[in-house]
Amino acid sequence: MYLRKFRKFACSALALGIMTGVANAQTTVDFTVAEYSSKTGPFFDEVAAAFEKENPDIDINIEVVPWDTLLQRLTTDIAGGVAPDISIIGTRWLLDFAQQGIAEPLDSYLTPEFKSTFIDTFMQPSVIDGQIMGLPVAASARAMLVNMDLFEKAGATPPTTWEELYEAAKKISALPEIYALGLQGKEIETDAYFYYALWTFGGNILNEDGTSGLDSPEAIEAARFYKKMLDEGLTQPSPTNYSRENVFNLFKQGRVGMIFTFPMLIPQIKAEAPDLDYKVMPFPEKVTKATYGVTDTLMMFADSDVKAEAWKFIEFAYKDEWRSKFDRGEGFLPVTKNVAAEDYYKTNEDIAGFAAGLPYAKFAPTIANWEEIADVTVRALQRIYLEQETPEAALTAAAAEINEIRGK
Amino acid sequence: MKSLNGFKPLAMILPGLLLAMFIIGYPVLDLANTSLQEVSRFGQLRGFTGFDNFAEVFSDPLFWGSLKRTAIWTVTVVLGTLVISLPIAIILNDDFYGRGVARVIIMLPWAISLTMTAVVWRWALNGRAGLLNATLMDMGIMTEPIEWLAEAQLAFTVEMMIGILVSIPFTTTIFLGGLSSLPQDSYEASMVDGATRWDQFRYITLPLMKPFINIAIVLNVIYVFNSLPIIWVMTEGGPANGTDILVTYLYKLAFRFGQLGKASAISLIMFGVLLLFTVIYVVLVMRDEKDTAAGEDE
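Chains S and L, in that order, give the protein sequences. For the first sequence, the tail end lands on 408 under my numbering, and the numbers increase by one without skipping. For the second sequence, the tail end lands on 1298 under my numbering, and the numbers increase by one without skipping.
Since the hints were made in silico from the structure, they are not lab data. All residues carry an ideal CB built from backbone N, CA and C; glycine is no exception. If a hint is listed, it holds; no wrong ones were tucked in.
Taking beta-carbon pairs under 10 angstroms as the criterion, some of the chain L residues facing chain S (in silico):
| no. | residue |
| --- | --- |
| 1 | N1126 |
| 2 | I1146 |
| 3 | W1148 |
Label-pair restraints from in silico Cβ distances:
| no. | chain 1 | residue 1 | chain 2 | residue 2 | range |
| --- | --- | --- | --- | --- | --- |
| 4 | S | E404 | L | V1104 | 52 to 62 angstroms |
| 5 | S | N348 | L | W1123 | 25 to 35 angstroms |
| 6 | S | A302 | L | I1024 | 28 to 38 angstroms |
Isolated chain S, as found in the complex (with noise of 0.2 angstroms):
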């Protein structure tokens, strides 16, 4: 028993000498994914196993990491010495990288045969002080989602106004054990919910002069609108305990009329609830058309040692096959201009709702401190949602806290 359990010892650390040692024969790319959903981890596989066909001599070590944890993840890696060579992360944070000195300027690197394969729109927030910092690796936009049978039933049309939604929200709010409206009122994204109406309404995350925009009339009258709706039952109640995914669920439940969204929730309702009759429209308008447009970056690091291998594979994952499989897959947008002109993303009607927006989309602002700044909001809404203060005092707390935080 004893010499047995020794002999599996000894085996196992022979194979470990081997291995080892074939790695040490080859360069090794660390390259970290974020978890878009379970596809994307053997997407990437099925990327590196190809790449390393061609090439090898490099081997592409690729660890995969749920978004909620990756920002600490990285944190750590980067804190311990150990940071990857490359890595997906939210465009949202990419200033902070840029500015501690961590991300790698890619112009040197880009060609300008490659540097046009991107849609330009999609480039813009990864351009930091002149220096492309980054690559849009993924791209959504946003829009509403409208249950049709709901409003059939309601004799209601669905909405292009925030007026029209305030009608029609009162008919469908009328059917029994039936929400108008989802509110977001928790976790991740809480903020983005409100930005929706926000920008509708005229209003902006930071004025010109960089200071907070929470405090304008506009935002006060959008929080107001939301507040309204609250008040008098066109949404669920107690918006406080519903994240993103539960609102999203009393939608696919078919116990709401009308959420807002992104692409990705479509090929979920297809698979969870494929009898629901939805439709993609775009945002409510008051002043103006917005929609929130949201893109990942893929980043290299400056510390990495191996950043010409970490380039060749960079290039070889654009290539159109793979764009493309890795869009389809996800249900993101496009944000290279051959994949965008597939018949694919003319002909899908959901595709064609979402990407309808991107002209007049608005990116999150590349500031610093962007995390801490999204939670002042959210505990500003929460507080406004809980009516432990009006719209008016919430926000404009907020808004100097967020002056502070921005030392404006």
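Chain L: place on chain S using the hints.
Frame of chain S; chain L shown alone:
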């Protein structure tokens, strides 16, 4: 038995002591160093800033709010756990049919990770789709669903109750161990003298169980004070910071907002608070024991 004295016993525990000091001491020193520096968004040290981080912490109203809630959380959960665990342990110590099964049922929650328990509760407490509301409405106890986690006060109360629930197995185990070591002859003698069960509990069980209750208090305070998963999974300290305790606030500062300097200052303060509590408590207990011992000698 020949007693060991002089250098010998010290030498024997020295390797263990050194190892413990290294494992505990190194992170604390590293933390202390970090807390006195300006730290970048990604944990790189940017130079000595004295007590700036501490000044920032002390001027932060959210820190004081979290500290207050940490005190409420710790005291409520620990006291609640003790009050419930002691009777459970006494019942489980009696011989009855099915005691083995009952013991397993009490211990089972211990086998599930805290995070998993919290996730399950989060689902169960969901307002519209949660199991708890559905059950209560089916039983006719209420007609409208309650949003358990929507409002801070209710959410915090619910979280404390779950905190108590998950601390029971560990505490019951300590008490069971204690109860089985109690001398049976005192009980027999007291029965001869006509003591009721309450008298036995009050004058025999409770005093003899004191050392076990003490250790349960110290360990539970340390665990509960530092416990992140329940609150983090269920509300992330929200809504509007209404359920933030120090450890959730610390986690947010460190890994969301990237204020690692401030976060290390808070964790050092937490370490200090716990150390202070433990020292004071141990001193009190030891003095108490000495008094009793002296009393017995007279």
